[in-house]
Each structure stands twice: as structure tokens, then as C-alpha cells.
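K.L.:
Protein chains in written order, with numbering that gives the first Met the number 0: chain A, 0 to 244; chain B, 0 to 390.
Calculated from the structure, these hints are not laboratory results.
Accuracy of the hints is not assured; some may be wrong.
[Stated by the list, open to error] Under the rule of at most 27 Å between Cα atoms (straight-line distance), these lysine-lysine pairs were calculated in the DSSO-like manner: (1) A:K13 - B:K382; (2) A:K75 - B:K382; (3) A:K14 - B:K92; (4) B:K126 - B:K92; (5) B:K54 - B:K75; (6) B:K54 - B:K92.
[To be verified] Some chain A residues flagged as far from chain B (calculated, every beta-carbon gap over 12 Å): (7) R49; (8) K75; (9) A123; (10) A125; (11) T164; (12) M196; (13) E230; (14) E242.
Predicted model, so just to flag it, every value in this text is computed and none were measured.
Heads up, the beta-carbon is just placed ideally off N, CA and C, and yes, glycines get one too.
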Amino acid sequence: MIEARGLTKLFHHKKRGQIRAVDNVDFRCEPGRIFGLLGVNGAGKTTCLRLLATILGPTSGTASVNGFDIVAAPEKVRASIGFLSTATALYGRLTAFEVVEYFGRLHGMADSVLHPRIDALFQALAMNEFRDRRCDRLSTGMKQKTSIARTLVHDPPVMIFDEPTLGLDVLTARTVLGFIRECGQRGKTVIFSTHVMSEVEKLCDSIAIIHGGRILAEGDLAQLRARTGVESLEDIFIRVVEEHA
Amino acid sequence: MNLRPVAIVYRKEWRDLLRDWRTVMSMIVVPVVIAPMIILGVLKIVNLTMKQESKVMLLGGDGSPQAVAALRRLNKFDLVPASPDYTNLISTKQIRAAVEIPSDFDAAVAQGRKTTIRIYTYDGEPKSMQAAGQLEEFFEHRRQEIVRSRLLERLLPETLVTPFEVKRSNVASPKQVTGVVVGMILPYLMIVMCLVGATYPAIDMTAGEKERGTLETLLSSPVARTHLVLGKGLVVLTASLATAALSFSSNGLALVFFRTSRFAKLPLALDPLALAGVCVVLIPLAIFLSSVTVTVGLFARSSREANTYLQPLLLLAIIPALLAALPGVDFNYGLAFIPVLNMSLLCKELLTGTCHWGHVLVVFGSMTVYAALAVAAAVALFKRESVLFRT
Ligand SMILES: Nc1ncnc2c1ncn2[C@@H]1O[C@H](COP(=O)(O)OP(=O)(O)OP(=O)(O)O)[C@@H](O)[C@H]1O
Ligand SMILES: [Mg+2]
Numbered sequence: 000m001i002e003a004r005g006l007t008k009l010f011h012h013k014k015r016g017q018i019r020a021v022d023n024v025d026f027r028c029e030p031g032r033i034f035g036l037l038g039v040n041g042a043g044k045t046t047c048l049r050l051l052a053t054i055l056g057p058t059s060g061t062a063s064v065n066g067f068d069i070v071a072a073p074e075k076v077r078a079s080i081g082f083l084s085t086a087t088a089l090y091g092r093l094t095a096f097e098v099v100e101y102f103g104r105l106h107g108m109a110d111s112v113l114h115p116r117i118d119a120l121f122q123a124l125a126m127n128e129f130r131d132r133r134c135d136r137l138s139t140g141m142k143q144k145t146s147i148a149r150t151l152v153h154d155p156p157v158m159i160f161d162e163p164t165l166g167l168d169v170l171t172a173r174t175v176l177g178f179i180r181e182c183g184q185r186g187k188t189v190i191f192s193t194h195v196m197s198e199v200e201k202l203c204d205s206i207a208i209i210h211g212g213r214i215l216a217e218g219d220l221a222q223l224r225a226r227t228g229v230e231s232l233e234d235i236f237i238r239v240v241e242e243h244a
Numbered sequence: 000m001n002l003r004p005v006a007i008v009y010r011k012e013w014r015d016l017l018r019d020w021r022t023v024m025s026m027i028v029v030p031v032v033i034a035p036m037i038i039l040g041v042l043k044i045v046n047l048t049m050k051q052e053s054k055v056m057l058l059g060g061d062g063s064p065q066a067v068a069a070l071r072r073l074n075k076f077d078l079v080p081a082s083p084d085y086t087n088l089i090s091t092k093q094i095r096a097a098v099e100i101p102s103d104f105d106a107a108v109a110q111g112r113k114t115t116i117r118i119y120t121y122d123g124e125p126k127s128m129q130a131a132g133q134l135e136e137f138f139e140h141r142r143q144e145i146v147r148s149r150l151l152e153r154l155l156p157e158t159l160v161t162p163f164e165v166k167r168s169n170v171a172s173p174k175q176v177t178g179v180v181v182g183m184i185l186p187y188l189m190i191v192m193c194l195v196g197a198t199y200p201a202i203d204m205t206a207g208e209k210e211r212g213t214l215e216t217l218l219s220s221p222v223a224r225t226h227l228v229l230g231k232g233l234v235v236l237t238a239s240l241a242t243a244a245l246s247f248s249s250n251g252l253a254l255v256f257f258r259t260s261r262f263a264k265l266p267l268a269l270d271p272l273a274l275a276g277v278c279v280v281l282i283p284l285a286i287f288l289s290s291v292t293v294t295v296g297l298f299a300r301s302s303r304e305a306n307t308y309l310q311p312l313l314l315l316a317i318i319p320a321l322l323a324a325l326p327g328v329d330f331n332y333g334l335a336f337i338p339v340l341n342m343s344l345l346c347k348e349l350l351t352g353t354c355h356w357g358h359v360l361v362v363f364g365s366m367t368v369y370a371a372l373a374v375a376a377a378v379a380l381f382k383r384e385s386v387l388f389r390t
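Given these sequences and hints, build the entire structure.
P.N.:
Structure follows, in C-alpha cells:
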């Protein structure tokens, strides 16, 4: 469960002045449901997810993740999430196995629990072929699988994915999306951001359109269609953004 | 405080670093191989040039075969035949000096007439000065012999012209003598090596992580930021101390094995207690330098930027080390509070055999305070998102 209340993040930029990257945002993601954050470049998706992952602290407002407040208990929040973004790279000089093992240990897992867990994950993601290969020698798809294994190693109840299919080919993107769906089916709370409409249409139980740091519309696909009177998500998106222009 | 996460970070960072040949270079190859090679190379060159026979031109002396023969027997100079442009040859350093022996020199000495030997030099040019010194020494020796034989002929005592002698006698223990030389080199070497050992790992684990995008991955783990930065800092500290220790032992061994004539005169004896004292003060200094490099690395956006900041820092740290090596710059309580300089001065004092516990305490205390401040700065910086996400 994720619940954001008045979540706001301001940046001070030397040239651009004050930037309202996330502006008074409220939303709820329920367990077992996949929540999609849809927005164009610079809409504030990454910043919003970084706030939920407590990598950044909010300027005002707050959110609770898995029952913990992001301001009051950031370490407990991080213990409950798996965070994957375009900016969360892997240690190039460590092998796929070592990276996943390291993060398992950082989550306080004992090796007796951790190693069987890694074996199971590597099996499920078909990663055994490159298990002992250094991450800087992996293909983009292999890296993404390793990152997913890294986020799932401690079996977190909440998953936060920032543009998880960026730069992947169709097949790998499909595998990744399949994995996200499975996380939802296993009762995890999943929030993921993208600017690809088709991914949201296929996958999400709940959609929020973010633009200029604000959530302009929220609901499932049927609710959004009813609100805007258009059919495709692309049309809905453009209608919503234009309404607020 | 729960130290398990710190240990996990520490172990992982070491594994990661040791897979990078650049760490191995900066931590092992440079101090163990390159630094002693440079030092020995310099000593060797100095030694060779000192041994080289200097070219000296002999002017005149045709009528004085005895003096010329004695000069030749000395075998210290490469005597070149006279040529009229000797002033030019000296000032262009083609010959070191010229010596003019009057043609009636032998006869004048025999008859007891006053006569003069002239030495032409390039004042201030070290090799010319050295050759002139050797020439003077030679003629001085010869003069004394003549005086002695004249006195003997007349049955007069030697004390007639030499009523007393002046003799120098070293009372410093061999340890102190070595201490003076080592005390000048050692603190300098240790400070430089501490920094060299710390720099690459510190940059790699801070700005390097920003650059490669792994920092955000690490920050998404539940480990507290204080623990993350402490784990990293401890790795830098270990690397720094290991580099200093490696360089100390390899340079020491190199000197023992290849005693050059310069050092052969020095007994290689050091007070173990003084060395232990140096090691103790080195620890807060290494903590201080490690934390400073980590802080700078965290602040920088990229490894390149971090390098740009750290190079002047290396210079900044070398200056106090060099200052302390100057003769006459000795420990005092004012200087005891200047980081790096205080440590250098204390080392100098300890190695020359004077140990004031008050000085050790003050330096150790003030360095510990500086180290604590630097650690606090690194931790504080690691919690600032404006620093971690500088754009
Ligand atoms: N650390 C920062 N300092 C200053 N401004 C920032 C910072 N991070 C993000 N911003 C600004 O905040 C706004 C939102 O950025 P954000 O990265 O959250 O957008 P996004 O939706 O993820 O975009 P994209 O699709 O390009 O990834 C942008 O205008 C960006 O320039
Ligand atoms: Mg983004």
C-alpha cells in the first residue's frame, strides 16, 4: 500500500530558478494492483518515485509506504520496497550473482536464506547462463534482469519501477512487463512510471496522468474514458493535458 | 550502533576495488615498485655524478714537474692540456675548473720564495665548487707536508706553527644521525603515500559511483547513509595506511639492499619506540586525509572533477611536509595545531631521539579532533541530496 498526501518537491536551479518537480500530489496504490504513472519527459515521474523510495526527501507533504512514513521512517520504507529506475545501475566489476547477493545482505538477509532465494530467482528469470559474468559484460536485457533480481531478492511487499522497459527490445520488454504483472498477481503493491501508452493500457489497474509535477487525472481506464469521452489512452492523455494547459 | 551493514559495505567495496587494475596500481605498484625506484634512481645518479672525475685544465707548470706529477698521482681529476679559452670553457661548463701552477713553482718552494697557485672557478656552480675544493685540499695538504719537513730539517717542534689542533667529534648516537636524515624524508613520504593510497579508492567509491549510476541503487537499500559512508571511509583508510606501510617497508628494504655510498656512511639504525610513535600519530592523520578525500569525492560530480580538486590538495599537503623538513623549523605549540605540519614536526623530533610526551599528546589530540571533524563533514555531505544529485 502506498498513500501520498500533498507530496511536493521543489528544486532550486541556478538558471531555471525554482522548479516544482512534484506539486501537491495525492494518490493511493492498493496491494495486488498495478498503478501506472503516465507522463511526458520532465513531468516529474522520476522525482515522484524517488520521493517514495526516500532517495529524496519531500519539501512538504508526505507519503506512507507499507505503513511507514517516508519522512519519519525512511529506513523502514526502504526495507519494504524494491526500487528500480533508469538511474539504478549495477556494479560493473561485480558479477550478476555478487550484485544480487550484496543487496540481499544489505537487506539483512542471512546467507542460509539468501542463497536459496537467489537460486530460485535466477532460475525464474533464466539468468543462470550469465550468473558469474561481470555486469559490465552483460547485454542491456541481462542487466535489466539482474536489476529485477536485485529489487526482488528480499521479496518486498512494494515495488517501485521507473520506466523499466526503457531501451529494451520487444522481447525483453515483454519479459519485464510479465514480471511486473506477476508481482501484482502475488499481492504486491506495484507502482510504475512510463511514457508508453500501450504498456499502461495492457498492464495497469489504475492510472495517474502526471504533468508539470501535478496529477491531472486518476482512475482506471473505464473511469478515464467516461471522464474525457474518448476511447484510446493516447487521446485521453492529450485531452487531459490540454484541459489544463 | 549496528556494525554489520558497515562490514558488508566494507567487504563489498574491497572486492570491487581490487578488481580494478588502477587501484592495484595506485595502492601496490606505485609505493612498492615505483617510489623506491625513483628514490634509488636519484641516489644512483647523484652518486655517479659525484664519482665522475671532473675535468680540470692545467695551466703552466712546465718548469715544476714535481707539483704536476703529484697532482696527476692524485687521480681525482681528468687533467686536460692548457688552452687559451679556459675562461670560456669554464663558464660553458665544459671543464669544471682550471689550475695555474707558475713554471718556477718547484724552484720557488725550494728556495723559500713566496709563490701563488691560482684556481679558476665558476662560483656557485656545485661541480665547479667541488673541484675547486678538492684542488685546495690537495695543495693545502702539500703545503703542510712542506712545512713539516722544513721544521724537521731545522730540528724545530711542529707546535711552532701548529700550536693546537681543532677536531670535531660526533656525540649524537648513530640512531640520532640516521634520525635526522630519515626524519626529513619519512614524514614527507608517509603523507604523500597516505594521500596517494586514499585518492583513487575515495574517488572511485564516491564520484565514480555517481558517474556510473550505482549510487542511487545503493541509496535505495535500507542501510543508513551514515553506515554507507563509514564503510566506504574505512576502505579508504585501510588503503591509505596499507599504501603508507607498503611504501615504508619497500623503501626501507631498498635502502638496506642497495646502500649507496651516500647512505653507507649512515648507520641504518632507528629507534623502534620512535617508529612506533610515528605510527601512532599517523593513524589520526590518515583518518583525516581519508575523510577529506571522501568528502571531496562526494562533492564532485565526476571522477574528473574530483581529480581536479584533489591534485591541489596533494600539493597543499606536501607543503607543510616540506616546511617541516627545513633545517631550523622545530616543534612549537603554535605549529602543533596546524594539521599535517604538526605531524611532520613531531616525526622529525621523535626520530632524532627527543621525545616529549606533551608534544605527542598535543599532536595526537589535535589531529584526532581534525580527523573527527573531517569524518563528520563526510557523513554530513553524504546526507545532503543537493550534493548527491548535483546537476
Ligand atoms: N536534482 C535535480 N535538481 C534540479 N532539478 C531537477 C532535479 N531532478 C529533476 N529535476 C527537474 O525536475 C523536473 C522533473 O524531472 P523528472 O526527472 O522527475 O521527470 P521525469 O518525468 O522522470 O522525466 P523523464 O521522462 O525525462 O525521465 C524536471 O524539470 C527536471 O529538470
Ligand atoms: Mg525519469
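K.L.:
Now, for every hint given, state plainly whether the structure supports it.
P.N.:
Results for each hint:
no., hint, result
1, A:K13 - B:K382, "holds (21 Å)"
2, A:K75 - B:K382, "holds (17 Å)"
3, A:K14 - B:K92, "violated (62 Å)"
4, B:K126 - B:K92, "holds (9 Å)"
5, B:K54 - B:K75, "holds (9 Å)"
6, B:K54 - B:K92, "holds (10 Å)"
7, R49, "violated (8 Å)"
8, K75, "violated (8 Å)"
9, A123, "holds (21 Å)"
10, A125, "holds (22 Å)"
11, T164, "holds (17 Å)"
12, M196, "holds (27 Å)"
13, E230, "holds (38 Å)"
14, E242, "holds (31 Å)"
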